[in-house]
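The lines below spell out each chain.
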Amino acid sequence: MSQVADPGNATDADGAAGSAGSSGGGSGLELRALTKEFANFTAVKSIDLDVPAGAFFALLGPSGCGKTTTLRMVAGLETPTSGTITLAGQDITFAKPYRRPVNTVFQSYALFPHLDIFENVAFGLRRRKKSDVDQQVNEMLELVELSSQARKKPTQLSGGQQQRVALARALVNHPEVLLLDEPLGALDLKLRRSMQVELKRIQTDVGLTFIHVTHDQEEAMTMADTIAVMNAGVIEQMGAPEELYENPRTTFVANFLGQTNLIEGKITGRSGDQIAVDMHGIGVSVNANRAHTDGGEGWVGIRPEKVLIGDEGESLDAPGNTIPGGVVSDVSFTGVSTTYLVRMPWGQELVVFEQNTGRRKLFRTGDKVELSWRPEYAFLLDRSQDASAGAQTN
Amino acid sequence: MSALRWVRTNLVLILGLLVLAYTFVPIAIVILMSFNEPDSRLIYKFDGFTLDNWLNPCADPGMCEAVARSIEIGLLTTVVATILGTLMAFALVRYEFSGRSSTNLLIFLPMATPEIVMGSSLLALFVAAGFGGSLGFGTILIAHIMFCISFVVVTVRARLAGMSDTLEQAAADLYATPSQTFWRVTFPLVFPGILGAALLAFSLSFDDFIVTNLNAGTTTTFPLYVWGVAQRGVPMQVNVVGTLMFVISIAIVLGGEARNRARTRALREPAAMDMPPPVTAPRS
Amino acid sequence: MRKHGKVGYLLLIPGMIWLILFFVIPFYSLVATSLYDPNGSVFAGYEMTWEFSNYVHALEDYWQPLLRSFLYAGLATLFCLVLGYVLAYAIAFKAGRWKNLMLVLVIAPFFTSFLVRTLSWKLILADDGLIVNTLQFLHILSQDGRLLATPVAVIAGLTYNFLPFMVLPLFASIDKIDHRLIEAGGDLYASPFVGFWKVTWPLSLPGVVSGTLLTFIPAAGDYINAELLGSPQQRMVGNVIQNLFTDANNYPAAGALSVILMAIIVVMVLFYVRRAGTEELL
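Line by line, the protein sequences are chains A, B and C.
In terms of my numbering, the first sequence has 130 at position 130, counting the first letter as 1, and numbering is strictly consecutive.
In terms of my numbering, the second sequence has 182 at position 182, counting the first letter as 1, and numbering is strictly consecutive.
In terms of my numbering, the third sequence has 278 at position 278, counting the first letter as 1, and numbering is strictly consecutive.
Honestly, the hints are just simulated from the structure, not real lab data.
Fair warning: this is a prediction, and the values are worked out from it, not measured in the lab.
Be aware that a few hints might be false.
Said to hold, decoys possible - Not everything, but these chain B residues come out facing chain C in the computed CB check (under 8 Å):
id: 1; residue: 115
id: 2; residue: 257
id: 3; residue: 258
For each residue, glycine too, the CB sits at the ideal point set by N, CA and C.
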């Protein structure tokens, strides 16, 4: 199944599109039928991927899904079993890592402990026998705000500082593609948040193609122009964050990005651009372009924040999609919003987020309620897929 | 705190220090005896103080010759054993090959075999091969290299195993060819282990007696010399050599420690609070 | 992730050849030598006659030094265990920032020659030395009792010389013990002594096993301490083997005795490790 990334918002406002260092080759990275088999399992199963030059691209998925293996194959640290990798028109599938215009920011940073910060950053330049090493290194250290630490050794820096050195060390070489392997994993929450913004800023400033591997869906959605969700070696869906979130094509994507309600339904009719579904006796409709199944049954998906909750009989802003008979079974007030668990007549508990605007009343456990949603927010997924696939267990 | 309670709380530490003191008493004696002027060669006790032994270290014939021989053998052993052992350590840690457990066993066995058995078997080999009459420098060297290899492998392997190979991957990612990766990343980081292994090999070789005694022929190393004079009367210069060995080794070890501490102290500054980079200021 | 290919073998081969040539093959020579006709000599050459009687004679003639060696080595190992455990425990738990320094001090005595420091023991245990005089004063020793040329001196020498081989593995093992486990023991009503016996000791067993092996095995084959500090009554099997080679020139007997020594050690070690292994699992 071939997936082509949406153009997204790759070029930034300043117009500094395209990578600063590549000489016009910016036709991006192409993976075709890329496969990696190990002795007892297949990590990556024939994936196709196009990453346009200058994009901030995220490879998102749970641990073991193959995203890091894919990244390592692009870096040259892992040899593909079959398939091709093409960068800026050149086939680099089997090229050695030191011959690829690709650099990596490692999860553990991998800073050379016996060299100081300056030499760490200068390492790649020196191997390529560049002439103005000092100047380039100093500029890069300024960019990541570590000029004053240039002569220290990595062990003397904090985690966040080490992470910035790792970034500088890779960036200074102006690669065609910069690979980031869960670089923010070891940082605490606050630092991670600010580094996310910082990385995005650097990427738009410098204009390089970034491929960021992460298991944190919030991180991916915050930073990336395009996300590819991977699961068990295949790409489930690829596109802009909003597209993946609002219109997921598989239960895995629906559950992995944020939360979702999935309700069984039988398809009763297709007319034009609407699909009618019988959901436990209640008729709802789903837009045809948000239906991703051909079968007679499906999962009706609706995000918790799109579900409206009200007293029995109260008229809600959702023509034709009212689901009566719910009983509130749990209430969690989290300040910004309230999370309700509502038990429906068919036994399922649906999740509802209501933003704390102050204008709505707070329901209590045991209250009888009605739910509804605007039909254009619902999506329809293949019934044969696992409804709990991708759900994050806390 | 009462005296008794103080003793009870610190009992283990006191005992530990006592044991430590116990190990040092013989050393103190060695140092002391190096200043001894014995009344009789045969009775080993302290009679009078003199600097003579230090001023004329080579007074006794054969001793300095033996020391020189030991140093020669020690240096050659160190070079060969360190090279062979380091290569093996690299193979064990960084490469895939079959027969790993047999290899590990073969490396472990020399460290666990009694010296008398190792010495006997080597002698048996040399005799069977027809070298029974030409035992000497060569056979000693062969024996020393043999039992030092295992110690070198274990020492270098420990150091190498502690070094994640992600660093080598990072070097390759940063355009270093395999040769550059080795010389600029791997080797500098393994070197302290190799150096430690070399020092270990030298001291094992210098001080070896049992294996050497069986395979030395007429060649004399320092331990063999001491053994020889132990019955006839020990010259005090032997203690001079003993003291020197001790002082030099301590100096090397403490010197290395001091150098490490000085280096980290000089570069240490309070690690800056992890401050998130300012997000608001726009770059022009 | 290990690299594949032939390079691994190439790196291994030089060292392996050396070890095979000069460690493995000599064992065959040793066994072969032990089966020669004892009527030959080094000069005239030996004849291979599959003389298994060499083994019988060796055991008949030298079972006493053999047994004595295991006894002395066993006692020395025991003393080393007690002293070494105290030392390792002190360094691991009570030394704080002096840890490295104390470790250096443990091995420091071994920076001087084995023989020279054993000679020092001759002085310490001399007939008119401080220790003997004190013991005579306390009537532990009779008025003309000596320490030199007694088993006490030999065992004391063995204990002294092999102490670091016990301390270092013990320390490595004890140091790894998570202090929180001991705290948990205290939290669960264990007194310090019980806590030690039920928590610390079992967790330090791997170190105990390697320490005892690394001490016992070389001690069993040692003869320097016996020669310098003992008399012919304290002869250990190492002395016998050495003398059979150099003085008596009886290579087959020496070989047989060496093989016997090695075989007993191997059997003891296997038995010991297996038993200690199952204890560890418990």
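Structure-based check of all given hints:
1. 115: Because about 6 Å separates residue 115/B from the closest Cβ in chain C, which is inside the 8 Å limit, the hint holds.
2. 257: holds, 7 Å
3. 258: violated, 11 Å
Taken one by one, the earlier hints fail for this structure only at number 3.
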